[in-house]
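Quick note, the sequences are listed as chains U and A, same order. Take any residue in the first sequence, count from 1 to its spot, add 8: that is its number in the working numbering. Take any residue in the second sequence, count from 1 to its spot, add 2: that is its number in the working numbering.
Source of the hints: derived by calculation from the structure; they are not laboratory data.
To list a few chain A residues with every Cβ distance to chain U over 10 Å, as calculated: (1) R11; (2) A39; (3) A42; (4) A45; (5) K50; (6) S54; (7) I55; (8) K57; (9) K65; (10) S68; (11) L70; (12) G111; (13) E116.
Within a straight-line C-alpha distance of at most 25 Å, the following computed SDA-like cross-link-like pairs (lysine to any residue) qualify: (14) U:K124 / U:R186; (15) A:K89 / U:P177; (16) U:K56 / U:V360; (17) A:K65 / U:Q209; (18) U:K220 / A:F6; (19) A:K65 / U:F200; (20) U:K198 / A:T67; (21) U:K182 / A:M36; (22) U:K178 / A:E105; (23) U:K178 / A:F6.
We put the CB at the ideal spot given by N, CA and C, even for glycine.
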Amino acid sequence: MELFDYKPTLIKRKGEELPDSIRQGQRLTGMTSGQSSFPLAGSVFDFKQYGQNGTYISDLLPYTAKMVDELCIIKSMYTEAINHDPAVTFFQTGSQQPGRPSMGSWLSYGLGSENKNLPAFSVLLSRGSGRPSGQPLYTRLWGNGFLHSLHQGVQFRAAKDPVLYLNDPKGVSKEGKRAILDKLAEMNDKQFQDFGSPEIQSGIALYEMAYKMQTSVPDVMSTEKEPNYIYKMYGADAKIPGTYTANCLLARRLAEQDVRFIQLYHMGWDQHDNLPGAIEKQAKDVDQASAALVADLKQRGLLEDTLVIWGGEFGRTNYSQGLLKDTNYGRDHHPRCFTMWMAGGGIKPGVVYGETDEFGYNIVKDPVHVHDFQATMLHLLGIAHEKLTYKHQGRRFRLTDVEGHVLNDLLV
Amino acid sequence: MMTFDSASRDLCSVKRQETNTPLQALVLLNDSQMIEAARALAANTIKKFPDSIEKQIDYVFQKATSRLPDAEETTMLMDHYKDLLSKMDNGVFTAKEYIDIGEFKSDAGVPEKELASLALVAHTVLNLDETITRG
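Turn these sequences into a full structure, and let the hints guide you.
Right, dumping it as structure tokens:
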């Protein structure tokens, strides 16, 4: 409601109680279930219309607003999960309980890698200014679950040196390192012949990848070679390693190198209180660089081959968590509706899909479950979501578990 | 240590996360501590068995994996040692630089090329899947 879903009714009816007819028994988290009232809270931010369809975008996202004709905005996402860990796990792995492969791992497994010199699944993290110490992440969110460990996401450091130990030790030339690696592979392979554990093969592959990364990573990560107009496009933060902006620029460079799946996590949302002030900072963290990434891919002719996905794990409540003041309020978690956007990769541009009711609480048109989203994403990448399976614990698993249908209306 | 999933220590962590990534391989292959450890092991081994390369290799292997190498493995490691020695100081490896890494100073009198070669063998053995994988 602060970014994409414009709800004038909430502004008009500010302070009124959330009607039961709208809430329809939605469970509450322990953070608001104790409240004696649920006052409707309209956004304090203005919305304007943009693009060929007059799409409403809030003033918090001016750069994204300019890119609206490239975006497919889905306003009718929904999930069952109501807390972060299960919800993010659900989005990434298709199950609220951890243990399953993440989407990047499924893609690495199903599509393989087009660049043997970089990890097929790369992960970049950044901390937001809206809530600098909030929202922890877990490495299992980009983990391989029961697939081979060479499918797990490789997390780059949010620092000047995204990967450490890239240099050979003194006195060892590349040819010398090669000799050591060859011997390691030979001896490990003997172990594999003797014991048959596939993890040994993953281990051999990991060492090979490490060797290749020694040359490929410095190239990819040397963003100082970018021309000035690129820094202007993404924002000054592009020069500060570890920021979301810098990560977006890295993401474009990784995409240029055919890295299969690049995931950026920007922490610090989850504004249970002091929302207006905090979300302004968060939005500012991500707005320009996200829009720049799409524009940059487009100008390089890469957007049609790259699917860009932007969003979170659930939405926020239309009522205020805590005291509702004129210019301050908080919002609790809301699984029943939230917004994501996609761009490129065969998705229809300049489209707004799905609608929520005037209270921004329920979906009234074209609901999209997380599994539907995943099925569509897989389809766009050339995978039939029901067919990419892996047998484990006696049954076949897939990212969409036992649900999900492809949203054909959204395909070009 | 963070590369190996140690806790970040700003939050309580009940169980360590488990990952297995090329970043860890990079540490084990290139970190000066590992190289130093391999060299210290090699230096001590040469002291113990100055006259038999085969005994040196057996000892290094046993220290890392808690077992003796079988016949095939012994052949592989002997070939490795000879290969490394032949490449020492002729463009592929530079003994003096390699044994200078880190702070551990080995005794004078240990021939540099032999020390570097055994240190490289030790480093290789320390990187074996069997050495680094628990269980």
